[in-house]
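Construct the complete structure from the given sequences, taking the supplied hints into account.
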Amino acid sequence: MHLRRISLLACLLWTFITAESGWTRVYIDIEQPELQPLPIAIAQFEDRGRSQPNLGREIMKILTNDLTISGFFEIIPRSEFPEESNAIADPPDYESWSPSRAEALVTGGYYSREGQFAIEFRLFDLVDKTFLGGKSYKASIKGLRNIIHRVANEITYLITGEKGIFDTKIAFVSTMTGNKEVYTIDFDGHNLRQITNNGSINLSPAWSPDGRIIAFTSYIKRNPDLYLFDLTRSAQVRLSTNPGLNAAPAWSPDGTKMALMMRKEGNAEIFIINRDGTNPKRLTKSWSSEASPTWSPDGRKIAFVSDRAGSPQIYTMDRGGKNMKRLTFSGPYNASPSWSLKGDRIAYCGRMDGRFEIFTISPDGMWIRRLTEYSGNNESPTWSPDSRFMAFSSTRGGRSHIYVMNANGANQRRLTSTRGNESSPSWSPRMDR
Amino acid sequence: MVKRFCIVMGVILSLMVMVSCAKKTVKEEPLGTGKAEEKAWGKPGEEAERARIEEKSLEASLERKKYAGIEGVFLESSLLKDIHFGFDRYDLTPDARKTLSQNAELLLKHPRAKIQIEGHCDERGTIEYNLALGERRAHSTKGYLISLGVSPDNISTISYGEEMPLDPRHNEGAWSKNRRAHFIILSK
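Order-wise, the sequence lines are chains A and B.
Each position in the first sequence, counted from 1, maps to that position plus 652 in the working numbering.
Each position in the second sequence, counted from 1, maps to that position plus 4 in the working numbering.
Careful: at least some of the hints might be erroneous.
One-sided and incomplete, this derived list gives chain A residues near chain B with beta-carbon spacing under 8 Å [what the hints assert, rightly or not]:
| # | residue |
| --- | --- |
| 1 | Met828 |
| 2 | Asn831 |
| 3 | Leu855 |
| 4 | Tyr871 |
| 5 | Arg874 |
| 6 | Asn875 |
| 7 | Pro876 |
| 8 | Ala899 |
| 9 | Phe981 |
| 10 | Gly983 |
Derived by calculation from the structure, the hints in this document are not laboratory data.
Beta carbons are placed, not taken as given, at the ideal position from N, Cα and C, and that holds for glycine.
Shown next as structure tokens:
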């Protein structure tokens, strides 16, 4: 409810449109394995009302942090700004920037009164000396962080051609209370929220494509049952109670179904059930173990783990269970597949020299790329909705925590810093829709 | 019609003969081995006494338990021993079979006891694949107990994957303890 209310309140007003409609310059090619961050200057936002002190600093902090952790930008420090006073005017004095490394400039202003908050930003290309675009936003002051994330989304859009995902969240499991509970956290590591609080074992959270529900498995009733937690109503229902297993839920891209692991004849198989838990349909029939289903973004295929060849490996099949195909052949243990939302890569974790590392592979089984090479185990990759980032769990720092990296493996940073062990991240869909 | 009736009757009669024969051979067996008969039938008082002692020792071995966050209490017996598995394996080692024979012996003496076999894994490998592996471990354990005569109706299985390590340390000593099938008594 919270997010929905904010999106209703936030009046998104286009104050400017991109100056040139035929703009095609690619500032950052995020498909490149070696990404060159764009040097960007962010001027202090101007207080256009008598807002609370520190608000400007807070805005700056959130925005610079978003743009920095994305790995797409290099923030030019204030000390490198030109001294000319009209350097950050509208339009800026482009000439004064010519000695600087900065290639883009963000300026803007804000206004806050009686619980309301408004902000406007403008983005300039300092090399081509053009105005790239801008937007203004209005919301309740409680939605401040969310609005600044949207500013960062928009700046990212103007520079890279695709909106950022700075307002998304990541669900995960943590033992910080002593047992495994489900939590959510913002992309920037703020707003930790505890979702389950039942003292039991809670596993494998999976965010629904509409962003409203988190499916997970819990042992509350001495059986790994599947539950749904409705984030807007903070209410929970028990959905699937097949004796033995109801685990590793994966929502179909249209949100109408879930693939999951269920027990059949003494081993785990992949099933599909309706969103309301009805009509279980068995997809795999084997004497082996099947685990961890993940859908292709067009909803036509499912990748999963099977040990039918003697060790856990990644396979794909049609959503009807036909055309099974083995994907991974190298390594003794490959598991935890996650299909990118662009569809062109499947991330997974594989055992190498006794440790787990994150890899990606194309859906036809080609072009394996290794993304982690640190100490500790790196597991459970999950893609951001723009397929530009991945979250995963890693024990590189001793305990297991959630980390985020760019899809090419660059810019790995720790997201969670609790006393517990964190695992099983699931990235939310875009909330800014 | 009559013909078919005759055939059916014939089948039934021959079945009856077979059954009575089978019964007979069962009866005959202890007669053939004198010592066994003496043990089984000779001193009923001693046998009952032993059963009483065993019943007592089972009673004494029971401990009421509850898992945090999981509904219901259950009993655990120190006489029902865990069995252990190799890494990423669910086949039963000779040691495991030996332990299961002892467990089965106890369970056969308490035919009303409902048990649950828990399949557990070490922390290595993914959480979800380990759920599947724990399932296989519990299932192969159940299969062996059934082959030893324990009623399948008395055995349920559950996989806890890597969620309930006995030893939380991160070394081979801990891992080999954690790869196990554990037995709990839901009712007796």
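Tested hints:
1. Met828: It is violated, given that the least Cβ distance between methionine 828 of chain A and chain B is near 15 Å, above 8 Å.
2. Asn831: Holds, because the Cβ-Cβ distance from asparagine 831 of chain A to chain B comes to roughly 6 Å (cut-off 8 Å).
3. Leu855: Holds - the Cβ of leucine 855 of chain A comes within 8 Å of chain B, reaching about 6 Å at its closest.
4. Tyr871: 5 Å, holds
5. Arg874: 5 Å, holds
6. Asn875: Hint on asparagine 875 of chain A: holds, closest Cβ of chain B at ~7 Å, below 8 Å.
7. Pro876: 7 Å, holds
8. Ala899: 5 Å, holds
9. Phe981: 18 Å, violated
10. Gly983: With a closest approach of 13 Å, the glycine 983 of chain A hint is violated.
The structure is inconsistent with the numbered hints 1, 9, 10, although it conforms to all the rest.
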